[in-house]
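Novice: Chains W and F, in that order, are what the protein sequence lines are. 110 is the number that numbering that gives the first Met the number 0 gives the last residue of the first sequence; the numbers go up by one with no jumps. 130 is the number that numbering that gives the first Met the number 0 gives the last residue of the second sequence; the numbers go up by one with no jumps.
Please note that a few of the clues may not be correct.
[To be verified] Calculated cross-link-like contacts (lysine to aspartate or glutamate; reagent style EDC-like; alpha-carbon spacing at most 20 angstroms): (1) W/75 / W/110; (2) W/81 / W/27; (3) F/107 / F/97; (4) W/23 / W/92; (5) F/53 / F/76; (6) W/23 / W/36; (7) W/75 / W/32; (8) W/6 / F/97; (9) W/7 / W/27; (10) W/44 / F/2; (11) W/6 / F/112; (12) F/19 / F/57; (13) W/44 / W/32; (14) W/91 / W/78; (15) W/15 / F/57; (16) W/75 / W/29; (17) F/120 / F/2; (18) W/15 / W/36; (19) W/7 / F/76; (20) W/44 / F/112; (21) W/6 / F/57; (22) W/44 / W/62; (23) W/98 / W/62; (24) W/7 / F/112; (25) W/15 / W/32; (26) W/15 / W/106; (27) W/44 / F/76; (28) W/7 / F/57; (29) W/98 / W/36.
[Stated by the list, open to error] So the derived list for chain W, only partly shown, Cβ under 8 angstroms to chain F, looks like this: (30) 1; (31) 5; (32) 8; (33) 40; (34) 42; (35) 47; (36) 72; (37) 73; (38) 104.
Since the hints were made in silico from the structure, they are not lab data. We treat Cβ as the ideally placed atom computed from N, Cα and C, and that holds for glycine.
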Amino acid sequence: MNIESRKKALHYFFEKVVGPLGFKFTPDAELVEFLLEQEVILEGKHGIPFCPCQPLRHDRTRDMQIVCPCIPFHRKHFDIIKRCWCGLFVHKDVLDPAKLPQLSPKEVGLE
Amino acid sequence: MSEKFIRAISVHEIAPGGMKAIELGGNEIVICNCGGKYFAIQRRCGHMNAPLEKGTLDGTYLTCPMHCVQFDVTSGEALSGPVPPDFGQEIPPPMFGEYLQNIGMLMKDVRTESIRTYTTKLESGWVQIAL
């Protein structure tokens with residue numbers, strides 16, 4: 000499979016999913032390229048584009064919750080930090096993603 | 000050598016976003032209407048020969064109905080492999096588990112190939128395909 004073609008397709012499909020959820024791709028184009036590439040590699044290995052920033056636990060229920068875009072499964076958390084865990088997606092009103100720290104659920108008081 | 004175009008279908012036969020399977024000169028072909036642009040591809044999936052017109056077309060991306068292999072209909076390029084039927088440690092019923100294991104072993108060696116595309120052109124309200 001050609002990585003660039005697959006990245007383009009994933010970008011197309013993900014945009015349709017995250018838009019109605021109030022998110023968009025981060026304006027950091029380099030990060031988008033890098034993370035999508037990692038997802039294509041993971042998809043090649045597992046058949047599913049898992050989040051490249053979270054560990055696979057080989058527990059189906061938990062692993063399916065980190066299939067990108069995983070926003071619906073972590074909505075409360077991501078709405079507080081205004082980004083997904085990787086930073087691939089940010090809230091639509093975010094212009095400078097560098098200002099958004101990667102805070103864990105515990106750090107934002109969800110655990 | 001110039002390509003020989005053959006009338007395939009009327010442009011009104013497929014709504015935008017739709018697909019139609021036809022047989023032309025002994026070839027099984029699917030014509031896709033991608034927002035008014037028509038693309039023609041081989042009907043059979045490059046993975047396990049499923050009829051692609053029964054899948055879904057989103058933009059120029061076609062997803063096979065059988066194992067969700069995705070293709071770009073503009074180039075015929077296979078964009079992904081099949082989605083795995085199972086993942087993790089769920090335990091299926093005993094007989095079914097054995098069956099799935101055998102299928103899984105067979106599927107391991109099945110390669111996903113890109114599919115053939117055909118040149119199309121529109122003329123007098125007809126989609127024509129070069130064979």
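Novice: Work down the list of hints and note, for each, if the structure agrees.
Specialist: Right, here's what the structure says about each hint:
1. W/75 / W/110: Satisfied, since the Cα-Cα distance of roughly 12 angstroms is no more than 20 angstroms.
2. W/81 / W/27: Distance ~15 angstroms between residue 81 of chain W and residue 27 of chain W Cα, so the pair holds.
3. F/107 / F/97: Holds - the C-alpha atoms of residue 97 of chain F and residue 107 of chain F are around 16 angstroms apart, at most 20 angstroms.
4. W/23 / W/92: Given that 20 angstroms is the threshold and the Cα spacing comes to 9 angstroms, the pair holds.
5. F/53 / F/76: This hinted pair holds, its Cα atoms lying about 18 angstroms apart.
6. W/23 / W/36: Between residue 23 of chain W and residue 36 of chain W the Cα gap is close to 18 angstroms, so the pair holds against 20 angstroms.
7. W/75 / W/32: violated (26 angstroms)
8. W/6 / F/97: violated (36 angstroms)
9. W/7 / W/27: holds (16 angstroms)
10. W/44 / F/2: Not OK: residue 44 of chain W and residue 2 of chain F at ~41 angstroms, beyond 20 angstroms, violated.
11. W/6 / F/112: Answer holds: residue 6 of chain W to residue 112 of chain F is near 18 angstroms, not above 20 angstroms.
12. F/19 / F/57: The given pair, whose Cα atoms are some 15 angstroms apart, holds under the 20 angstroms limit.
13. W/44 / W/32: holds (19 angstroms)
14. W/91 / W/78: This hinted pair holds, its Cα atoms lying about 11 angstroms apart.
15. W/15 / F/57: Holds, at about 10 angstroms.
16. W/75 / W/29: Violated, because 27 angstroms separates the two Cα atoms, which is more than 20 angstroms.
17. F/120 / F/2: Given pair residue 120 of chain F, residue 2 of chain F holds - Cα atoms ~11 angstroms apart, limit 20 angstroms.
18. W/15 / W/36: holds (19 angstroms)
19. W/7 / F/76: At roughly 13 angstroms apart (the allowed maximum being 20 angstroms), residue 76 of chain F and residue 7 of chain W satisfy the hint.
20. W/44 / F/112: holds (17 angstroms)
21. W/6 / F/57: Holds, because 16 angstroms separates the two Cα atoms, which is no more than 20 angstroms.
22. W/44 / W/62: It holds: about 14 angstroms lies between the C-alpha atoms, which stays within 20 angstroms.
23. W/98 / W/62: violated (29 angstroms)
24. W/7 / F/112: holds (19 angstroms)
25. W/15 / W/32: At roughly 18 angstroms apart (the allowed maximum being 20 angstroms), residue 32 of chain W and residue 15 of chain W satisfy the hint.
26. W/15 / W/106: violated (30 angstroms)
27. W/44 / F/76: With Cα atoms ~19 angstroms apart, residue 44 of chain W and residue 76 of chain F stay inside 20 angstroms; holds.
28. W/7 / F/57: holds (13 angstroms)
29. W/98 / W/36: violated (24 angstroms)
30. 1: Status holds, d = 7 angstroms.
31. 5: holds (5 angstroms)
32. 8: The hint holds - residue 8 of chain W has a Cβ within 8 angstroms of chain F, the shortest such distance being about 5 angstroms.
33. 40: violated (12 angstroms)
34. 42: holds (6 angstroms)
35. 47: holds (7 angstroms)
36. 72: violated (16 angstroms)
37. 73: Result: violated, 19 angstroms to nearest chain F Cβ.
38. 104: violated (23 angstroms)
In this structure, the earlier hints numbered 7, 8, 10, 16, 23, 26, 29, 33, 36, 37 and 38 are contradicted, and the remaining ones agree with it.
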